[in-house]
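Residue numbers (my numbering), protein chains in the order written: chain A, 15 to 214; chain B, 22 to 456.
Because the hints were derived from the structure by calculation, they are not lab data. Keep in mind the model is a prediction, meaning the values are calculated, not measured. A hint or two may mislead.
Label pairs and their in silico Cβ distance ranges [to be verified]:
| id | chain 1 | residue 1 | chain 2 | residue 2 | range |
| --- | --- | --- | --- | --- | --- |
| 1 | A | V22 | B | V415 | 53 to 59 Å |
| 2 | B | A121 | A | A89 | 49 to 55 Å |
| 3 | B | W170 | A | V59 | 55 to 61 Å |
| 4 | B | F382 | A | E180 | 50 to 56 Å |
| 5 | B | R136 | A | Y157 | 36 to 42 Å |
| 6 | B | P50 | A | D170 | 49 to 55 Å |
| 7 | B | D138 | A | R162 | 35 to 41 Å |
| 8 | B | R136 | A | D170 | 39 to 45 Å |
| 9 | B | K129 | A | Y138 | 22 to 28 Å |
| 10 | A | V22 | B | R381 | 21 to 27 Å |
We treat Cβ as the ideally placed atom computed from N, Cα and C, and that holds for glycine.
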Amino acid sequence: MRDEDIIVLQEPKLSPAERLYLPQIFDGMVTTLRHMFSLKRRQQVVRQYPEDTRQGRGELRIANYRGVHRLNKDAEGRVACVACFMCSTACPAHCIHIEAGESPWPDREKYPVKFEIDELRCIYCGMCEEACPVDAIELTPHYELVGRTREEMIFDKEKLLQVFEETKHTKPRKDPPITDYGLTGGQGKDVASPNVERKV
Amino acid sequence: MTNQTIQRVEGALRNPLVLVGVGAVLTVPAALVLVLAFPLYRGLLSDPFWFPLLVMAAVLFLILNATAVCILAERKIAGFTQDRYGPNRVGFWGLLQPVADGLKFLLKEDIIPRRVDKPLFLLAPCLALIVSLVGFAVIPWAGEVHWPWMEAGTTVSTQVARLDIGILYVIAVGSLGVYGLVLAGYASNNKYSFYGGLRATAQMISYELPLGLALLCVLLTTGTLRLEEIVNQQAHSGVWYVFVHPLAFLLIVICLFAETNRAPFDLPEAEQELVGGYHTEYSAMKFALFFLAEYAHMITGSAVAIALFLGGWAPLPFTSWLADNTAWWAMLLKFGVYLLKVALFIGVMMWVRWTIPRFRFDQLMRLAWRSLVPLGLLLMAAVAVLTLFGGQRVWWAGLGVNVLVLLGVLWWAARSKQPMTGRQEDLPPVEFGAM
Ligand code: SF4
Ligand code: SF4
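Take the sequences, apply the hints, and build the full model.
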């Protein structure tokens with residue numbers, strides 16, 4: 015570090031009145047009083063939340079916000095999940111419960127018969143989304159998540175697919191999927207080995 | 022009730038007219054009963070034993086409700102100073118927020134942690150509240166009253182307990198207030214609570230001294246400990262003691278903040294340092310009792326300060342208007358004036374709370390021991406000398422002494438090396454190694 019980079023800050027000298035501390039207090043009180051009676055500033059700053067949300071700067075529209083989950087559907091409207099249990103293994107909060115069954119479709123072996131996420135236990139870390147090999151589970155920017163009972167907040171497969179229907183316009187499923195093993199219609203290439211043609 | 026009914030009720034209560042209607046439905050019958058039953062309790066009103074009891078009941082009712090309103094006011098003021106609105110959802114302009122808060126406190130789960138000292142744990146909040154409420158006994162709310170049906174010349178007092186040692190009683194009870202906090206901190210078996218309790222004790226001990234010294238200044242002028250006498254003197258001469266002893270008033274106000282554990286002296290419950298302080302382990306209604314106790318303590322404290330310095334029920338300074346009037350309407354007016362003064366005082370306390378950041382503990386101690394106590398001693402000595410030489414005959418003599426003391430303090434502050442607030446001395450710049 016060079017000498018000229020050092021900035022030596024000296025505390026300003028206090029006048030006798032300032033040393034008594036009280037004049038400064040009255041100064042501060044005048045400031046707060048001014049704020050107390052500035053209705054205009056209040057109206058500019060405050061948003062009455064449920065009725066009025068922030069617009070423009072500070073508005074919540076970032077696509078990677080981690081809100082409530084959804085289960086994606088593939089192009090044919092089937093649930094994209096292949097019940098590999100990657101997400102429930104990765105989940106630090108142990109809040110994903112999957113029951114796998116034999117898939118009725120020829121292009122995959124398993125599918126989730128039951129898929130439940132306890133949204134109250136979830137810490138919204140996004141690990142499940144990272145873990146999923148077929149991008150079936152995703153977090154959406156929806157954060158207005160309330161319920162009157164704990165049971166209500168355990169989202170089952172239908173509800174998660176419903177969330178997908180509601181959010182697919184604002185946040186479409188990643189396309190092409192990063193890894194689809196060439197199985198979901200074949201337009202995608204495996205990122206890990208893109209030149210390998212995969213057979214069904 | 023279904024969700025929709027709740028929503029509809031909620032919406033209706035936001036309408037001011039509905040709110041006024043509900044209020045009228047609740048209060049008009051009560052008022053009617055009071056008016057119709059008047060012949061029944063007429064005798065009680067003029068009885069020197071029963072009337073103070075009635076006043077006590079009325080005041081207790083008023084104070085307990087006032088604490089609820091205070092909490093709303095506190096949150097509103099907090100909101101306004103921070104450019105927010107404060108609570109504005111429950112009822113019109115958030116007016117029903119205290120009701121919602123109260124319901125919540127009642128319905129919350131009441132947890133008693135396993136390893137607490139149970140009897141003390143339960144006793145602490147009760148003690149805090151009781152102690153802050155008994156202080157009201159000696160407040161001379163509205164002086165004497167003469168009801169039209171009483172014999173000419175006789176009056177009854179609106180003061181519950183007419184003690185010779187009025188002020189001493191207030192101090193004794195006021196310092197007991199810390200007992201609840203210490204017990205809570207001790208019984209909780211939690212280090213942070215314990216710290217809170219310890220801080221409360223240290224703070225209370227330190228700030229009782231300047232409080233007592235400042236009180237002595239006034240008592241040297243009044244020559245009596247009776248609060249009703251002190252108020253009477255001010256009302257008759259029109260000279261409120263704040264004009265005679267402004268510095269003593271300042272000391273008392275500062276100590277009042279410390280005694281009631283309000284910011285900037287709210288170290289016993291410093292959230293950022295001690296989780297919640299002495300009430301960390303308390304929940305539901307027990308926590309609410311601490312809350313109530315704090316606000317009741319504020320009301321008592323400010324009522325006493327007003328009786329001592331701001332003329333009590335005297336409506337205007339520099340006149341003796343209403344001083345000798347004992348008509349019942351004058352009593353109501355005096356009572357209203359007193360409550361208004363208390364409300365203003367508490368408003369200022371809240372305003373200060375949301376303006377000034379909290380002291381560090383060493384600053385707190387330094388402020389008490391190195392500035393307030395010497396200042397109090399100096400003031401008391403000066404006033405004592407003044408009294409000795411008969412200087413109390415003109416009221417501005419006391420004011421002159423105060424000005425002299427203030428000048429002296431300013432001179433001292435200009436010369437002393439370290440400011441009272443405990444800012445560190447200049448540190449030499451520290452050399453860091455090459456990066
Ligand atoms: S966001 Fe995190 S905690 Fe929630 S389900 Fe996914 S992995 Fe589990
Ligand atoms: S990681 Fe993806 S594919 Fe595997 S079980 Fe979870 S959601 Fe289904």
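message = Given a hint of 49 to 55 Å, does the C-beta separation of A121 of chain B and A89 of chain A actually sit inside it?
response = holds (50 Å)
Supplied distance hint 53 to 59 Å, evaluated on CB atoms of V22 of chain A and V415 of chain B = holds (55 Å)
query = Between K129 of chain B and Y138 of chain A, does the C-beta distance stay in 22 to 28 Å?
reply = holds (27 Å)
ask   = Between P50 of chain B and D170 of chain A, does the beta-carbon spacing fit 49 to 55 Å?
value = holds (53 Å)
inquiry  = Against the range 55 to 61 Å, how does the distance between the Cβ atoms of W170 of chain B and V59 of chain A compare: consistent or not?
reply    = Given range 55 to 61 Å: holds, Cβ gap about 59 Å.
message = For the hint 35 to 41 Å, verify it against the beta carbon of D138 of chain B and that of R162 of chain A.
response = holds (38 Å)
query = Falls inside 50 to 56 Å, the C-beta gap from F382 of chain B to E180 of chain A?
reply = holds (54 Å)
inquiry  = For the hint 39 to 45 Å, verify it against the beta carbon of R136 of chain B and that of D170 of chain A.
reply    = holds (41 Å)
inquiry  = If I claimed the Cβ atoms of R136 of chain B and Y157 of chain A lie 36 to 42 Å apart, would that claim hold in this structure?
reply    = holds (39 Å)
Cβ distance range 21 to 27 Å for V22 of chain A and R381 of chain B, holds or violated = Cβ of V22 of chain A to Cβ of R381 of chain B: about 25 Å, so the range 21 to 27 Å holds.
In summary, this structure violates none of the numbered hints.
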